[in-house]
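S.K.: Sequence:
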Amino acid sequence: MPEPIKRLDRLDAFGSTATVVMCALWALSHVGVKVANAGISPAFQSGVRSLGALACLWLWSWLRGVSLLAPEGTFLLGTLAGAMFAAEFALIFWAFVFTDVARGVIVLYTTPFFVALGAHYFVPGEQMHRTQVVGLLCAFAGIIVAFSDGLTLPSYHALIGDTMLLVAALLWGATTVLIKATTLSKIDPAKTLAYQLAISGIVLTPMALIAGERGLFDPTPLVLGSLAFQTVIVAFASYLAWFALIRIYPASTLSAFTFLTPLFSLVFGAVLLGERVSAALIAALALVAFGIWLVNRPRAEI
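For the sequence shown, the working numbering assigns the number 21 to the initial residue and increments by one for each residue that follows.
No wet-lab data here; the hints were simulated from the structure. Check each hint, because a few of them may be wrong.
Stated by the list, open to error - Pairwise CB distance ranges (calculated): (1) 95 <-> 290: 43 to 53 Å; (2) 244 <-> 80: 19 to 29 Å; (3) 239 <-> 144: 43 to 53 Å; (4) 302 <-> 86: 39 to 49 Å; (5) 237 <-> 147: 45 to 55 Å; (6) 300 <-> 40: 13 to 23 Å; (7) 180 <-> 232: 28 to 38 Å; (8) 180 <-> 51: 20 to 30 Å; (9) 154 <-> 40: 19 to 29 Å; (10) 302 <-> 177: 29 to 39 Å; (11) 82 <-> 310: 39 to 49 Å; (12) 175 <-> 137: 23 to 33 Å; (13) 306 <-> 37: 15 to 25 Å.
Backbone N, C-alpha and C define an ideal beta-carbon position, used for all residues, glycine too.
Generate coordinates for the entire structure from the input sequences, incorporating the hints supplied.
M.R.: Following this line, the structure appears as structure tokens:
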């Protein structure tokens, strides 16, 4: 019998630190995707990344003596979660063909609202209170402030991309709630991640080629290094950590921290690419930090 999971009602220092590190890694992966796009087509890159991460997961589980094929009675739920994961990434990759990055990021990061709403109704003990809602709104306002310079009125094509990203955000949120609210939260995180990686890798890789993508067409060391980073560090290690955290901490609080990811992208752009750090970015960081603090406050303090 597995040991019972100790669930907490807020993020402690470890949970907060781990989530911030993951957000930073996800932001770095955005840079990695852009680098790898020079030699690997986008959706094909996502599929290959999933298959490579699945191989890493299989080896890691084997070393731990954990079988990813052990029956847990979660096949249908895991398949559903994996299908939503694959659809989410397909929509994200295709959406940015139609829409601008600045507005697209804002649409995609409506995800924490979907998580909060779903957790409120489907996850016992995770009902949102007024201060947490205000915190989510503050953090979301920070994202809008950060990307306000790049916002333009949407064209017809941009609306198509924005709609795709809104659906992707809904799928991201729904996947998080599904894992938290069902027996998927009780199985080993490696098995939960295996569903996501297996289905997304099996679906996205051939789908990209059928859609006419070129696959791997310029395998330079930099391109392959970027793909390795995305595969081992992001898709394997950080996603495994994320599913482990979902078992322990409130889904809505964890999701609120993801507002840091696009801001980290702007910070890395300034540090790594010499881009300008604007007053809007500083204000955005302050708003997001304040919003996350509100979301994570104990109820007794409210």
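S.K.: Starting from the range 39 to 49 Å, see whether the pair residue 82 and residue 310 falls in it by beta-carbon distance.
M.R.: Taking Cβ atoms as reference, residue 82 and residue 310 lie about 44 Å apart, which means the hint holds.
S.K.: Given a hint of 45 to 55 Å, does the C-beta separation of residue 237 and residue 147 actually sit inside it?
M.R.: About 50 Å separates the Cβ atoms of residue 237 and residue 147, which means 45 to 55 Å holds.
S.K.: Return holds or violated for the Cβ distance of residue 302 and residue 86 against the range 39 to 49 Å.
M.R.: The hinted range 39 to 49 Å holds for residue 302 and residue 86, with Cβ atoms some 45 Å apart.
S.K.: Holds or violated: 23 to 33 Å for the Cβ distance of residue 175 and residue 137?
M.R.: Holds: the Cβ-Cβ distance is about 30 Å, inside 23 to 33 Å.
S.K.: Looking only at beta-carbon atoms, does the pair residue 180, residue 232 fall within the given range of 28 to 38 Å?
M.R.: Between residue 180 and residue 232, where Cβ atoms are some 18 Å apart, the hint is violated.
S.K.: May I ask you to test the hint 19 to 29 Å on the CB atoms belonging to residue 244 and residue 80?
M.R.: This hint holds: roughly 21 Å between Cβ atoms.
S.K.: For the pair residue 302 and residue 177, does the Cβ-Cβ distance stay inside 29 to 39 Å?
M.R.: With Cβ atoms ~33 Å apart, the hint holds.
S.K.: Holds or violated: the 20 to 30 Å window for the beta-carbon distance between residue 180 and residue 51?
M.R.: Holds, since residue 180 and residue 51 (Cβ atoms, about 26 Å apart) stay within the stated range.
S.K.: Does 19 to 29 Å hold as the CB distance between residue 154 and residue 40, or does it fail?
M.R.: holds, 21 Å
S.K.: Does the Cβ pair residue 95, residue 290 satisfy 43 to 53 Å?
M.R.: Check passed, 46 Å falls within 43 to 53 Å.
S.K.: Could you check the hint for me, namely that residue 306 and residue 37 are 15 to 25 Å apart, CB to CB?
M.R.: Given a distance of about 20 Å, which is inside 15 to 25 Å, the answer is holds.
S.K.: Cβ-Cβ distance between residue 239 and residue 144: within 43 to 53 Å?
M.R.: Given about 49 Å between the Cβ atoms, the range holds.
The structure shown violates just one earlier hint, number 7.
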